[in-house]
Every structure is written in C-alpha cells, then in structure tokens.
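The whole structure should be built from the sequences, with the hints applied where relevant.
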Amino acid sequence: MAQVWKRDWGLTTRIIITGLLLLLIYLAFMAVLWYFNVSIGLILLFVFVMAFAQYFFSDSIVLMSTKTKIVSETEAPELHQMIERICADAGVPKPRIGIMPSPMANAFATGRSPKRAVVAVTDTIMRVLNTNELEAVLAHEIAHVKNRDVLALTLASFIAMVASMIVHNILFISFTNRGEGSPPWILIAIVAGAVWLISTILMLALSRYREYAADRGSAYITNDPMALVSALKKISGTVEAMPSKKRQEVEGANAFYIIPAISGKSIMSLFATHPPLEKRIANLEKILVEQRGY
Numbered sequence: 014m015a016q017v018w019k020r021d022w023g024l025t026t027r028i029i030i031t032g033l034l035l036l037l038i039y040l041a042f043m044a045v046l047w048y049f050n051v052s053i054g055l056i057l058l059f060v061f062v063m064a065f066a067q068y069f070f071s072d073s074i075v076l077m078s079t080k081t082k083i084v085s086e087t088e089a090p091e092l093h094q095m096i097e098r099i100c101a102d103a104g105v106p107k108p109r110i111g112i113m114p115s116p117m118a119n120a121f122a123t124g125r126s127p128k129r130a131v132v133a134v135t136d137t138i139m140r141v142l143n144t145n146e147l148e149a150v151l152a153h154e155i156a157h158v159k160n161r162d163v164l165a166l167t168l169a170s171f172i173a174m175v176a177s178m179i180v181h182n183i184l185f186i187s188f189t190n191r192g193e194g195s196p197p198w199i200l201i202a203i204v205a206g207a208v209w210l211i212s213t214i215l216m217l218a219l220s221r222y223r224e225y226a227a228d229r230g231s232a233y234i235t236n237d238p239m240a241l242v243s244a245l246k247k248i249s250g251t252v253e254a255m256p257s258k259k260r261q262e263v264e265g266a267n268a269f270y271i272i273p274a275i276s277g278k279s280i281m282s283l284f285a286t287h288p289p290l291e292k293r294i295a296n297l298e299k300i301l302v303e304q305r306g307y
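Letter by letter, the sequence shown follows residues 14 to 307 in our numbering.
Derived by calculation from the structure, the hints in this document are not laboratory data.
The beta-carbon is built from N, C-alpha and C at its ideal position, and this holds for glycine as well.
Please note that the accuracy of each hint is not assured.
[Unchecked claim] In the DSS-like style, the derived pairs of lysine-lysine whose C-alpha atoms are separated by at most 27 Å in a straight line are: (1) Lys299 - Lys246; (2) Lys259 - Lys246; (3) Lys107 - Lys128; (4) Lys80 - Lys292; (5) Lys246 - Lys292; (6) Lys80 - Lys246; (7) Lys299 - Lys259; (8) Lys259 - Lys247; (9) Lys299 - Lys258; (10) Lys299 - Lys80; (11) Lys292 - Lys247; (12) Lys258 - Lys82; (13) Lys80 - Lys247.
[Said to hold, decoys possible] Cβ-Cβ distance ranges computed for the label pairs, FRET-style: (14) Lys128 - Arg98: 16 to 24 Å; (15) Phe61 - Pro114: 30 to 38 Å; (16) Phe70 - Lys107: 19 to 27 Å; (17) Arg305 - Leu200: 27 to 35 Å; (18) Pro114 - Phe49: 44 to 52 Å; (19) Arg140 - Trp22: 37 to 45 Å; (20) Glu91 - Thr26: 38 to 46 Å; (21) Met255 - Leu168: 27 to 35 Å; (22) Pro197 - Ala254: 50 to 58 Å; (23) Phe49 - Gln304: 50 to 58 Å; (24) Phe61 - Arg140: 42 to 50 Å.
Structure, rendered in structure tokens:
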C-alpha cells in the first residue's frame with residue numbers, strides 16, 4: 014500500500030528557485046536583444062518548432078532511437094500487471110509499455126503528459142532485478158510521469174536552445190541585419206554564449222533535482238526505499254560492465270534512463286543529468302528513516 018506522497022520542501026524549493034533563475038535569464042537575454050534592436054524572428058520561429066517537436070514527438074523519437082517495442086498485455090502480462098498496480102497507487106493513467114533490447118539493465122519514461130506516457134524497460138533488467146527491485150524502478154519512472162518531467166525539462170531547455178541557435182548562426186544573423194546602427198554582434202555572441210552556459214547548467218541542475226523527486230516518489234509508492242537502492246546498485250553494475258562502444262550506442266537517451274550509460278567519473282558533476290549514485294542512495298536512506306519515524 015502506497016504511503017501519502019509527502020513533499021520534500023527543500024527539494025521543492027530548489028526546483029522552484031532553479032525555474033525562477035531560468036526565467037530571469039530568459040527575460041534578461043530578451044531585454045539585451047531588444048536593447049540592441051536585434052531581429053531574431055527566424056531564430057525564435059525555428060526554436061519554437063524544435064521545442065514543439067521535442068514536446069509532441071519526444072516519445073516517438075526516443076522509442077525509435079532505442080529500438081524499443083511497445084508490448085501488449087499478452088506479450089508481457091507480469092510487467093503490465095505490475096505497472097497497473099503502481100499506477101493505481103500513484104493515481105495516474107496506465108502508460109504504454111515498451112521493452113528495449115539491451116545488455117544493460119535500465120528503464121526510462123517519456124511522453125508529454127500522463128495520458129501520453131510510455132514506460133520502458135530493457136529486456137536485461139527483468140532478469141537482473143527481483144520483483145521488489147523492478148517494482149521500485151517502475152515506480153520511479155511512474156513518478157516522472159506524475160511529475161510531468163518531460164514538460165518541465167522541455168520548457169527549461171527553451172532559453173538554452175535560443176542562445177545556442179544565436180551563437181551557431183551569428184554570421185547569418187549579422188549578415189541579414191547589416192546597415193547603419195547595426196548591433197555589436199561580437200558582444201551579442203559573447204552574451205548568448207554566457208546565457209547558453211548558465212541556462213544549460215541550471216537546466217541540468219533541474220534534471221538532477223527531478224531525479225531526486227522521482228526517487229522519493231518511488232519510495233512512497235512502494236513504501237520500500239531500500240528496494241530502489243538495491244536496484245540502482247545492480248543497474249549501475251550492468252552499465253559499468255558494458256563495453257565503451259555499447260555505451261556510446263545508447264548515450265543519446267541518457268537523460269531518460271534511471272542510470273545514465275556513462276561513468277560517473279567521466280564528466281563533471283556540474284554537467285551531469287543525474288545525481289551521483291552515492292547521493293541518491295544517501296537520500297533514499299534518509300527517506301527510510303523518515304518513514305520509520307526515527
């Protein structure tokens with residue numbers, strides 16, 4: 014039986030502050046462009062199209078890139094039954110369910126809303142994890158769906174996409190905006206680069222916070238945070254055991270996986286999409302103490 018989903022106000026505050034900082038950067042960047050009378054209508058139109066495609070077609074793109082197959086209830090009855098129970102406890106509609114062929118144990122969720130969600134697992138994870146561990150992982154993915162994380166991260170990435178497009182197309186923009194009183198394009202490129210860097214760092218921080226939130230959601234749905242701890246350790250082990258070439262083949266969907274297919278030591282934590290495994294485990298252990306009341 015799922016417990017009442019208690020809010021972690023410290024985590025919620027960090028998510029809100031990060032979102033507000035992204036909004037302030039967006040407004041400041043637009044003010045700079047307006048001050049220099051920059052015409053970027055084509056860039057904004059292109060970014061809107063990209064954001065629209067990302068939001069509405071991200072599930073199809075992820076399923077295609079990972080070769081995930083949507084499975085029916087007759088094809089995977091136990092998986093369907095488990096997700097049905099979790100969704101009933103979490104209060105969300107049952108998503109489509111997929112299986113991804115891969116030597117690593119992993120899982121992900123995608124889709125723009127709870128009604129359009131997909132939860133997928135690799136064929137390996139069902140052999141590596143026991144029932145409680147698999148349930149904890151699926152509850153983590155359902156928590157992502159409940160929290161509408163795809164929508165949140167799509168909105169968060171918008172300003173980074175605008176700044177990136179300006180930096181990569183600065184020559185074209187300056188060419189089409191020449192003339193007397195034309196803006197200082199070198200300065201604008203520097204500002205856009207700084208905005209891209211800061212907004213990307215904030216967006217990745219938001220991604221990490223939302224992983225903590227999904228871990229917390231799993232702990233309350235299953236009432237068993239240590240099952241997720243055990244699952245995360247096993248999944249991390251299968252990812253680390255994969256050859257580098259195999260990891261590179263699936264890196265494109267790293268932001269979606271419960272454990273990314275990279276070594277935690279291979280990138281700076283500032284630019285990681287997920288929190289370090291050790292911190293996730295420590296956070297889940299705190300939830301266990303909180304649940305037991307001592």
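Hint check:
1. Lys299 - Lys246: At roughly 17 Å apart (the allowed maximum being 27 Å), Lys246 and Lys299 satisfy the hint.
2. Lys259 - Lys246: Holds, at about 20 Å.
3. Lys107 - Lys128: 8 Å, holds
4. Lys80 - Lys292: 31 Å, violated
5. Lys246 - Lys292: 12 Å, holds
6. Lys80 - Lys246: Given that 27 Å is the threshold and the Cα spacing comes to 25 Å, the pair holds.
7. Lys299 - Lys259: Since the Cα atoms of Lys299 and Lys259 sit roughly 35 Å apart, the hinted pair is violated (cutoff 27 Å).
8. Lys259 - Lys247: 18 Å, holds
9. Lys299 - Lys258: 36 Å, violated
10. Lys299 - Lys80: Violated, at about 37 Å.
11. Lys292 - Lys247: 16 Å, holds
12. Lys258 - Lys82: 23 Å, holds
13. Lys80 - Lys247: Distance of about 23 Å is within 27 Å: holds.
14. Lys128 - Arg98: 16 to 24 Å: 19 Å, holds
15. Phe61 - Pro114: 30 to 38 Å: At 35 Å between Cβs, range holds.
16. Phe70 - Lys107: 19 to 27 Å: Hint holds: Cβ distance 22 Å, inside 19 to 27 Å.
17. Arg305 - Leu200: 27 to 35 Å: At 57 Å between Cβs, range violated.
18. Pro114 - Phe49: 44 to 52 Å: 51 Å, holds
19. Arg140 - Trp22: 37 to 45 Å: At roughly 39 Å between Cβ atoms, Trp22 and Arg140 fall inside 37 to 45 Å, so the hint holds.
20. Glu91 - Thr26: 38 to 46 Å: For Thr26 against Glu91, whose Cβ atoms are near 39 Å apart, the range 38 to 46 Å holds.
21. Met255 - Leu168: 27 to 35 Å: With Cβ atoms ~32 Å apart, the hint holds.
22. Pro197 - Ala254: 50 to 58 Å: 52 Å, holds
23. Phe49 - Gln304: 50 to 58 Å: 54 Å, holds
24. Phe61 - Arg140: 42 to 50 Å: Distance hint for Phe61, Arg140 holds at roughly 43 Å.
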